[in-house]
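> These are the residues of each chain, in order.
There are 2 protein chains.
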Amino acid sequence: MFFIIGLGLGEAEDITVKGLEIVKKAERVYLEVYTSILTVGKEALEQFYGRNLIIADRDLVEQGAHEILQDANSKDIALLVVGDPFGATTHTDLVLRAREAGITCKIIHNASILNAVGCCGLQLYSFGETVSIPYWSESWQPDSFYDKIAGNRRRGLHTLCLLDIRVKEPTLESLTKKRKEYQPPRFMSVSEAAGQLLEIISRRHRDHKEFAYTGTTLCVGVARVGSDTQQILACTLQEMKDADLGPPLHSLIIAGHLHPLEVEYLTQFSESKEKLLQIAKTS
Amino acid sequence: MFFIIGLGLGEAEDITVKGLEIVKKAERVYLEVYTSILTVGKEALEQFYGRNLIIADRDLVEQGAHEILQDANSKDIALLVVGDPFGATTHTDLVLRAREAGITCKIIHNASILNAVGCCGLQLYSFGETVSIPYWSESWQPDSFYDKIAGNRRRGLHTLCLLDIRVKEPTLESLTKKRKEYQPPRFMSVSEAAGQLLEIISRRHRDHKEFAYTGTTLCVGVARVGSDTQQILACTLQEMKDADLGPPLHSLIIAGHLHPLEVEYLTQFSESKEKLLQIAKTS
Chain H
1 MFFIIGLGLG EAEDITVKGL EIVKKAERVY LEVYTSILTV GKEALEQFYG
51 RNLIIADRDL VEQGAHEILQ DANSKDIALL VVGDPFGATT HTDLVLRARE
101 AGITCKIIHN ASILNAVGCC GLQLYSFGET VSIPYWSESW QPDSFYDKIA
151 GNRRRGLHTL CLLDIRVKEP TLESLTKKRK EYQPPRFMSV SEAAGQLLEI
201 ISRRHRDHKE FAYTGTTLCV GVARVGSDTQ QILACTLQEM KDADLGPPLH
251 SLIIAGHLHP LEVEYLTQFS ESKEKLLQIA KTS
Chain P
1 MFFIIGLGLG EAEDITVKGL EIVKKAERVY LEVYTSILTV GKEALEQFYG
51 RNLIIADRDL VEQGAHEILQ DANSKDIALL VVGDPFGATT HTDLVLRARE
101 AGITCKIIHN ASILNAVGCC GLQLYSFGET VSIPYWSESW QPDSFYDKIA
151 GNRRRGLHTL CLLDIRVKEP TLESLTKKRK EYQPPRFMSV SEAAGQLLEI
201 ISRRHRDHKE FAYTGTTLCV GVARVGSDTQ QILACTLQEM KDADLGPPLH
251 SLIIAGHLHP LEVEYLTQFS ESKEKLLQIA KTS
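Residue numbers (the UniProt record's numbering), protein chains in the order written: chain H, 1 to 283; chain P, 1 to 283.
For the record, the hints were derived by calculation from the structure and aren't laboratory data.
The structure presented is a predicted model; accordingly, all values stated were derived computationally and were not measured.
Hints are not guaranteed to be accurate.
Intra- or inter-copy, both count: the list cannot distinguish identical chains.
[Said to hold, decoys possible] In the EDC-like style, the derived pairs of lysine to aspartate or glutamate whose C-alpha atoms are separated by at most 20 Å in a straight line are:
1) K25 / E13
2) K24 / E13
3) K273 / E100
4) K25 / D228
5) K180 / E62
Bound conformation, chain H alone (with noise of 0.2 Å):
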């Protein structure tokens, strides 16, 4: 059988009674390490369950389904994931060609920042589509999410903004090279996407009361969910580009329309009630 086996929010502890189960029985167990990232390194990873882990990398997962599907039909084969299986499309592929080869598949599911941003106190009923913020390059600056966030701000409902994670990316040189060489990982923090978001508004030669939102709309950044070092900071949009919510993962909230018990929830991740009464009340 096939286990695709979600990890939570990042922490070795976060895995689910039943896939641990799963974890120490399993043939072979991959460790996926390219849709997102854990907060713990596989050898604490390894050191918990008390066995070895294979490195599943973006070129394996994307084009080693073979290798990684090898014998699960006789065998119990797990792959790791950091959050939900199905919070990325790669793992719904590797479902259908499991399938295809008549491979047995269970799915062991877990928390992801989608519901657990819920912590932050906006209502999770009252957000609407979710978008992704891409790194941008010299040549490369989409903008398309900026009309998911007006869409969603127009019916008052809040926007989860998933910030991008770059891991073995490969250089653009080596891209033609045999042997590809890799950039350093990134991982866009809420200051990065802040500034991104105050840059698209400030291409936008519009009346500024059009825009979906601007310097002075009210963001909530989140930065390791989770894990004993979570941070949550409720301020501007305009504030959020100068704030240091340290290591990664980072993720952005622009909120919509607020409900009284959610700004009273969000006075605590603010520099002072007043402040964030008065941001929720101008917003």
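Dock chain P against the given chain H, drawing on the hints supplied.
Okay, now just chain P, sitting in the frame of chain H:
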């Protein structure tokens, strides 16, 4: 310290290792049985944890915060909730009360239907606002969720419909009495939800093409997600009305714009591949 621990999708082994360690050591552990349901009973959990649990029903959670939080500034008290702790407003409120009383809170996240619904192959990033479909009574038949589904569909987004759960609802007759009497628990099925959704459009006398959905719209019903008896069915809304996915909990998804990979994944949950392709084409 006060812990709110997510139990995930409802089986005993769905708790995280982190959560289980806290449950084993805590002074008192409450089991919330009001905003969702377990697929196992209290006794099975007690046996699995090796300790006794205190049932926290609607009255206790909403009015007995003081009782739950007693001694939490010096001892570890835990509240277990199905899914993720921030799935329901009641829990946010409980955290606020704890903080007001100077009690440190820690949240142990877990899977909830909001991310586990990805098991049907519809991409989580293509979902719009989540809606709740309540049971109708003779005098109270709200349909405000219709406009939210319409908004999602217009933007090509899928809609996750959470279906009503009625646990420990006082009977109308006993509302004014000292000793409350309760209705038997009810859990809305995908069939009941589909019937109600169809009833709404039959009541709206507009041109059929303007409707947010019709009887031929592609829907996905999911039941007991994450358990060994999980069931998924992809069919038209009209067919869903006659479907039986067995015991609770059920959730219903109204599909928006479909990506080819989503269609391919859904075929396994349909009567036949050809039929699913046909529904997806005209949906």
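> Hint by hint, note whether the structure agrees.
For each hint, the structure was consulted:
no., hint, in the structure
1, K25 / E13, "both (17 Å within a copy, 16 Å between copies)"
2, K24 / E13, "both (14 Å within a copy, 14 Å between copies)"
3, K273 / E100, "between (56 Å within a copy, 14 Å between copies)"
4, K25 / D228, "between (29 Å within a copy, 19 Å between copies)"
5, K180 / E62, "within (16 Å within a copy, 59 Å between copies)"
In this structure, every one of the numbered hints holds.
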